[in-house]
Structure formats: C-alpha cells, structure tokens
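> With the sequences and hints as input, model every part of the structure.
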Amino acid sequence: MKSPSKNKNENITIDLLNESRQTANDALDLSAKNLPENILSDIARVRTNALNQGYATVVSKSSIVDTWLTWLFNPMVNLGIPVVAAVIIAVLVDNASVESIPELPLVMMATEVPIEDFALLEDLEFVTWLAENEQSALL
Amino acid sequence: MEAFLIDIEKRAYHMAVLATGSHADALDLLQDSMIKLVTNYQDKPAKQWKPLFYKILQNKIRDWYRHQKVKNLLFFWKTDEVEEWPPTSSDGSSLDTPEKNLTKDQQQSAALTHLKQLSPKQQQCFLLRSWEGLSVAETAIIMNCSQGSIKTHYFRAVTKLRAMMEDDHEITF
Numbered sequence: 001m002k003s004p005s006k007n008k009n010e011n012i013t014i015d016l017l018n019e020s021r022q023t024a025n026d027a028l029d030l031s032a033k034n035l036p037e038n039i040l041s042d043i044a045r046v047r048t049n050a051l052n053q054g055y056a057t058v059v060s061k062s063s064i065v066d067t068w069l070t071w072l073f074n075p076m077v078n079l080g081i082p083v084v085a086a087v088i089i090a091v092l093v094d095n096a097s098v099e100s101i102p103e104l105p106l107v108m109m110a111t112e113v114p115i116e117d118f119a120l121l122e123d124l125e126f127v128t129w130l131a132e133n134e135q136s137a138l139l
Numbered sequence: 001m002e003a004f005l006i007d008i009e010k011r012a013y014h015m016a017v018l019a020t021g022s023h024a025d026a027l028d029l030l031q032d033s034m035i036k037l038v039t040n041y042q043d044k045p046a047k048q049w050k051p052l053f054y055k056i057l058q059n060k061i062r063d064w065y066r067h068q069k070v071k072n073l074l075f076f077w078k079t080d081e082v083e084e085w086p087p088t089s090s091d092g093s094s095l096d097t098p099e100k101n102l103t104k105d106q107q108q109s110a111a112l113t114h115l116k117q118l119s120p121k122q123q124q125c126f127l128l129r130s131w132e133g134l135s136v137a138e139t140a141i142i143m144n145c146s147q148g149s150i151k152t153h154y155f156r157a158v159t160k161l162r163a164m165m166e167d168d169h170e171i172t173f
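Residue numbers (the numbering used here), protein chains in the order written: chain A, 1 to 139; chain B, 1 to 173.
Among the hints, a few may not be true.
Over the 12 Å line for every Cβ pair with chain A, so calculated as not near, a few chain B residues [what the hints assert, rightly or not]: (1) R11; (2) Q48; (3) K50; (4) K55; (5) N59; (6) R62; (7) L73; (8) S135; (9) A137; (10) A140; (11) Q147.
Between beta-carbon pairs, the in silico distance windows are [claimed, not checked]: (12) A32/A <-> A137/B: 21 to 29 Å; (13) A32/A <-> G148/B: 27 to 35 Å; (14) Q68/B <-> A32/A: 19 to 27 Å; (15) F4/B <-> P4/A: 46 to 54 Å; (16) P4/A <-> K50/B: 40 to 48 Å; (17) N52/A <-> A46/B: 19 to 27 Å.
Straight-line Cα separation of at most 16 Å, EDC-like style, residue types lysine to aspartate or glutamate; simulated pairs [to be verified]: (18) K33/A <-> E9/B; (19) K60/B <-> D28/B; (20) K10/B <-> D29/A; (21) K50/B <-> D105/B; (22) K10/B <-> E132/B; (23) K10/B <-> D25/B; (24) K10/B <-> D26/A; (25) K160/B <-> D42/A; (26) K10/B <-> D42/A; (27) K33/A <-> D105/B.
Read the hints as simulated data drawn from the structure, not as lab findings.
Because the structure is a prediction, the values reported are computed rather than measured.
Virtual Cβ for every residue (Gly too), placed ideally from N, Cα, C.
Quick look at the structure:
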C-alpha cells in the first residue's frame, strides 16, 4: 500500500505533465489559428491541386474500364465474333480439303503398264491430275 | 471530401512541417497525401477518412526520412538551408497585462521549439494522441507499431517536454 505522501507526489507529477501537455496543445492551436496569409494560400493551392488531380485520376480510371465493358457487351461485337470465327474455321477446313493428297491413280497399281504410258506416269503433275480426276469420278 | 480536407489541412500541415522543418517539403507531403486519399479512398465512409489520411501522411513522412538519410549519405558535403518555423502573429486583443502576454507568448513559442526537438516518433505520437485526440489503438494503426510502443513514445514525449519547459528560465507551471 502506497503512503499518502507518495500518492501526493505522483499526483503532482501527473498534474505537471498534464500542464506541459496542455501548454503544447495551446501553442499548436494558436499556431494553426494564426498562420500567415501566404502559408494559408499555399495550403489552399495544394488542396485544390490535390482535388483536381485526384478526381481526374479517378475519372480516367473509370472511363478506361467503362470503355472496355461497353465494347465487350456491345451487341454488334457479340454477334460478329461467332460469325467471324465460323468463317475462319470454314476457310481453314476448305483449304485442308483442297490440299489433301489424292490416292494413287489405278493405272499405277496395275502390273502391266504400256511403255508409251510409262513416261507419262513419271511426270508427277500428270499423276496428280489423273488421281484427282479419278476421285471426282468416283464421287 | 473538400470540406474534410479544409477541416484537416492546417493540422496536417503542422505535423508535416514539424517533421520536416521545411515549408516546401511539408506542402509536398501534404499534397501527395491528399491526392492519394482522393484517388484511392473517396469511396470509403467519411468517418474512415481521418485515420486513413493520417496513416498516409505518416507513411509519406517516414519515406521522406528514409530519402533524407540516403541523400545525406550520398551528398554529405552539402548543407541544406534550414528554414525557420513559420512565424505566427499573436492576437492583440487581450485583456491581460503586457508582462503576462510576454510570458504566455514565450511559453507557447518555447513549446513549439521543444516539440521540434523531440524525436520523430515521439513528436508524431504526441501530435496524434494529444493534439488530435486519437486513441492509443488508432495511433498504433496509423504509426504502424504496437500499442505499448505508442504509450512509451507518448509518455517519453510528455516527460521530455516538461523537462525542457522547466529548464527554460522564468517559465514556471
């Protein structure tokens, strides 16, 4: 248990600390209240700049997002993309079918080939044409 | 948002100018903090703006100290000009006697000088706890340290202020 004198000393210390704290607070309040005009105008200018710049950044950010979302959900875009994709696929498939290698012509599978025809069969272009014609005839 | 900034700007300016000792640097820190608040946090509830703003300001002040440290290390031969504390005009309409006015002005002027002499953490802790009236928990979040550290910084700041004020001649409590 603390002695009364010790309690009294602690109370005095706390009072002194509170007084010094209050003096500092009063000094700060007075300084804030009596700021010179040039400093007040500087602070006002800084505040205006900050608001303008801050709002401009917010608007530009939201406009980029809005633009992207508008483009994404545009009905023309929603209709066009599948159509374009279908056209691209069709072109690719068609090219692939045209470029397929035809089967060997039947005459090349025959065991007896006339000599005069043999020279022709050595020409790759002729053989390819013959094979394609045979395929279309079969179809 | 504009009304909030008008309400808080003078105190925030004082925090920044006490921390940096420079009017220009204080304005830069103030502007950067305001821009960040408006850009990133204007959608938050208004009651959150004050602690958010002070947290941003404290982070900017901390970054400024780090930058100054590096700058002083790299350019150690350069000495920057020290700007004076902004002069304040005293209110002349007082009923007290001239002698009492002088003592009060001296005390308050000395208090500001002593605040500048505190360490950065003690100084900012005192401003947030005592001048702004923030709680220990709020101050701890703003200054990014524990509540125990805040109590320690605050007690040391107040004790040091008292000791410096008592050391000044003819200033009694």
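> So, for every hint listed, does it hold in this structure?
To see whether the hints hold, each was checked on the structure:
| no. | hint | in the structure |
| --- | --- | --- |
| 1 | R11 | violated, 6 Å |
| 2 | Q48 | holds, 16 Å |
| 3 | K50 | holds, 16 Å |
| 4 | K55 | holds, 16 Å |
| 5 | N59 | holds, 16 Å |
| 6 | R62 | holds, 20 Å |
| 7 | L73 | holds, 29 Å |
| 8 | S135 | holds, 16 Å |
| 9 | A137 | holds, 20 Å |
| 10 | A140 | holds, 19 Å |
| 11 | Q147 | holds, 19 Å |
| 12 | A32/A <-> A137/B: 21 to 29 Å | holds, 25 Å |
| 13 | A32/A <-> G148/B: 27 to 35 Å | holds, 30 Å |
| 14 | Q68/B <-> A32/A: 19 to 27 Å | holds, 25 Å |
| 15 | F4/B <-> P4/A: 46 to 54 Å | holds, 49 Å |
| 16 | P4/A <-> K50/B: 40 to 48 Å | holds, 43 Å |
| 17 | N52/A <-> A46/B: 19 to 27 Å | holds, 20 Å |
| 18 | K33/A <-> E9/B | holds, 12 Å |
| 19 | K60/B <-> D28/B | holds, 10 Å |
| 20 | K10/B <-> D29/A | holds, 10 Å |
| 21 | K50/B <-> D105/B | violated, 31 Å |
| 22 | K10/B <-> E132/B | holds, 12 Å |
| 23 | K10/B <-> D25/B | holds, 15 Å |
| 24 | K10/B <-> D26/A | holds, 15 Å |
| 25 | K160/B <-> D42/A | violated, 33 Å |
| 26 | K10/B <-> D42/A | holds, 11 Å |
| 27 | K33/A <-> D105/B | holds, 14 Å |
Against the hints set out earlier in the document, violations occur for numbers 1, 21, 25.
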